[in-house]
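J.: Sequence:
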Amino acid sequence: MKIGVVSDTHLPNAGKDFPEELIKELKKVDLIIHAGDHCELKFLNKLKSIAEVKTVAGNRDSYQLQKKLKDKLTFEAGGKKISVIHGHQFRGRNILQGLNYSFVDSDIIVFGHTHRPFNERVSDKLFFNPGSPTDKRLEKNYTFGIIEIEEEIKAEIKILKEES
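Mapping of the sequence shown onto the working numbering: residues 4 to 167, in sequence order.
Wrong hints could be hidden among the right ones.
Said to hold, decoys possible - FRET-style restraints, in silico, Cβ to Cβ: (1) Lys-75 - Glu-151: 33 to 39 Å; (2) Glu-43 - Lys-143: 36 to 42 Å; (3) Ser-52 - Ser-126: 35 to 41 Å; (4) Glu-153 - Lys-71: 31 to 37 Å.
Since the hints were made in silico from the structure, they are not lab data. This one's a predicted model, so the numbers in the text were calculated from it and none came from an experiment. Even for Gly, the Cβ is constructed at its ideal location relative to N, Cα and C.
Kindly generate the complete structure, drawing on both the sequences and the hints.
T.: In structure tokens form, the structure reads like this:
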């Protein structure tokens, strides 16, 4: 199973639309995970026109989206338990500790909010933040992620060549 992972797209504030390069890559996946801060429903709907989307609300999402989406989500895909949360619920340096405590039985924990790509295994869990494909803030690159679940979990942060 191939999963495209995005977060913190902040559209239309961070740009007019998703980068074409991102859309092209998302058309190759079985599932899209968005870790919140879409901002407007029409951009979530655009992702849903590409593939199934699992998503949560972020702190910058519209009132309409915050009412529609859950704050956190856990589901199974490819035989692995995946949890998704935006991440604004955790303050300070110990975000991994908070995520680990909140999702004890998860194999993969996807989060956003920081706009900072993160792809690390801690003990038996993968902690994954795709960064942002449209709002890099202080980061050098616009990014998104790909997680492949086969016999093992492979995760990669992808750098977009074009600017948002």
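J.: Look at each hint and say if it fits the structure.
T.: Status of each hint after checking the structure:
{"no.": "1", "hint": "Lys-75 - Glu-151: 33 to 39 Å", "in the structure": "violated (23 Å)"}
{"no.": "2", "hint": "Glu-43 - Lys-143: 36 to 42 Å", "in the structure": "violated (27 Å)"}
{"no.": "3", "hint": "Ser-52 - Ser-126: 35 to 41 Å", "in the structure": "holds (37 Å)"}
{"no.": "4", "hint": "Glu-153 - Lys-71: 31 to 37 Å", "in the structure": "holds (33 Å)"}
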